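Trainee: Residues per chain, in single letters:
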Amino acid sequence: MDEMMNAIVFFWLPLSLMPLGAWFSLSSKTNLRTNFGRFAAVSGFILVCISPWTVPTSPSSSIGHLLGFIIGPSSLLLIGIYLLIFSGNVPVGKLPSSDRKLGTFCMALGSLWFCLMQWGEFTPIYDGREVNRFWLIFFPTFILMICSLSSVLSISMLIIGEERQSESMVMRMISIVSIILIICGLTIDGKNISSETFTTYFWLSVSDLFGILVGVSLSIFIFGFVIYVYERSIGEPNSVPPPTPEELSQASQKIAANIGGAESE
Amino acid sequence: MSELKQTLNVKVLFIAFLLPIFIIWIIDSSLKGDFSSFDTNDSFTRFANATLTSYTLGSLILLGNLFFYADSRKRPLAPLIGMILAVLIGIAATLFLIGMGPMLLENNGSVRAQTVYNLGHTIVSFLAISLAMVLCVGSMFAALTNGKKRKMFDEEE
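From first to last, the protein sequence lines stand for chains A and B.
Residue numbers for the first sequence follow our numbering, so the first one is 1 and each next one is one higher.
Residue numbers for the second sequence follow our numbering, so the first one is 1001 and each next one is one higher.
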C-alpha cells in the first residue's frame, strides 16, 4: 500500500468511525445496533490513538499522538467536574459531600498536568524530535475558549440569574486565571516551547476561533434556510373535522373517570 | 423581557466574549512594546481556512442531522438535496480558493496537503473548543450546586 492509502485505512477511516459510531448508537432503537455503534466508535478511537505506530509516515497521525497525550488530563478534569457537580445540592444522583474534595483534587491535578505539558517536561514530542504541531494548536485554543466562555457565563449569570454574584465571581476567577496562564505563555519560555512560538500560535488560534464561529454560524443559517424553504413549499396541512357529539361525550366520560381522586383526611 | 433589553443583553455577552482577548492584547503589547505580535496575513489565511473548513464540516454534520428531521416527516428529498448542495458548494469553494495560489496555503506545498491539514486543524480546534465548553458549563453548574441551598417556595402552613 502506498503512503496515502495507509493514511486513509489506518487514520482517516477510524477517525470517521468515531462520529459515525456515535451517531449510529444514538439513533438506533435496538440494543444490538446501539452496541455496534458504541463498538465502532471505541474501535475508531483506539485505532486513531495507535496511528503513530500504524502510520508513522503520515503527518495526520500527530492527531492520534495528541489524543494519547491529552486523554489523561482531560479525563481527570471531566471526572473532577462530575464529582463537583453531583456532590452539591442536586435533587437526584447526589454523591457524598466528601467527593467534593476528590473532585477539586482531580481538577487541580488535571490543570497542573496541562501546565506541565506546556511549560514542563510532559510536552508531546512527536517522533522524538519536535513538539507535536497539533499541541501548539490545541492548548492556545483550549485556554482561550475557557477564558472567553467563562467571561460570558459570568456576565450571563448576572443578567439572567437572581442573586448569583458569588457564582458569577467563581466564573470571573476562572477567566482571570486563564488570562494569567495565557500571559505566562506569551512571556515565559517553556522547556520545549518558546514564548515566541506560543505567541504566534495564540494569535493564530484567535483567528481560528473567529473563523470557526463564522463557518459554523453560516452552516446553521444554511440548514435553517433549507428547512424553512421546504416547510413553506408543503403548504397548509389539511384541517381535521370538528368532533361529533358522540366523540365529545366519550371524551367527557374519559375525563370524568380520570380527574378527582380520594379526599385527604 | 423586552426586545430592546434582549438585544442589549446579546451585545453585552458579545462584549464579554471579546473583552478577555482585548485585555490580553493590551497586556501583551505593553510587555513587548509594540502592537504587532500577530501577522495580519497569516491571521487572515487562518481565518479564511477555518471558515471554509468549519462551514463544510458543520454542513456535513447537519446533513446527518437531517435524518432525524426526516423521521418526523415523510422522508422528503428536497431538504436532503439542498444540504448535499450546501456541502458540495463548501468543498468546491475550499478547493477553488486554495488552488488559486499562495493566499490560503500555509507552509503546505499542494492543495491536497493544505486540505488535509485544514481538516486535521479544525478537528483539533473542535476538540479543544468542546472540552473547554464542557469544563466551563460544568464549572458553572458546580458553582450553582455548591452554593447555599435556596428556598424556592414558601412552605404551606
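It cannot be assumed that every hint is accurate.
[As the list claims (entries may be wrong)] Straight-line C-alpha distance at most 16 Å; calculated EDC-like pairs for lysine to aspartate or glutamate:
#: 1; chain 1: B; residue 1: Lys1032; chain 2: A; residue 2: Glu196
#: 2; chain 1: B; residue 1: Lys1149; chain 2: A; residue 2: Glu163
#: 3; chain 1: B; residue 1: Lys1032; chain 2: A; residue 2: Glu231
#: 4; chain 1: B; residue 1: Lys1149; chain 2: A; residue 2: Glu162
#: 5; chain 1: B; residue 1: Lys1148; chain 2: A; residue 2: Glu162
#: 6; chain 1: A; residue 1: Lys191; chain 2: A; residue 2: Glu121
#: 7; chain 1: B; residue 1: Lys1074; chain 2: A; residue 2: Glu163
#: 8; chain 1: B; residue 1: Lys1148; chain 2: A; residue 2: Glu163
#: 9; chain 1: A; residue 1: Lys191; chain 2: A; residue 2: Glu130
Because the hints were derived from the structure by calculation, they are not lab data.
Since we're looking at a predicted model, the values are computed, not measured.
Trainee: Looking back at the numbered hints, which does the structure fail to meet, lowest number first?
Mentor: 3, 7
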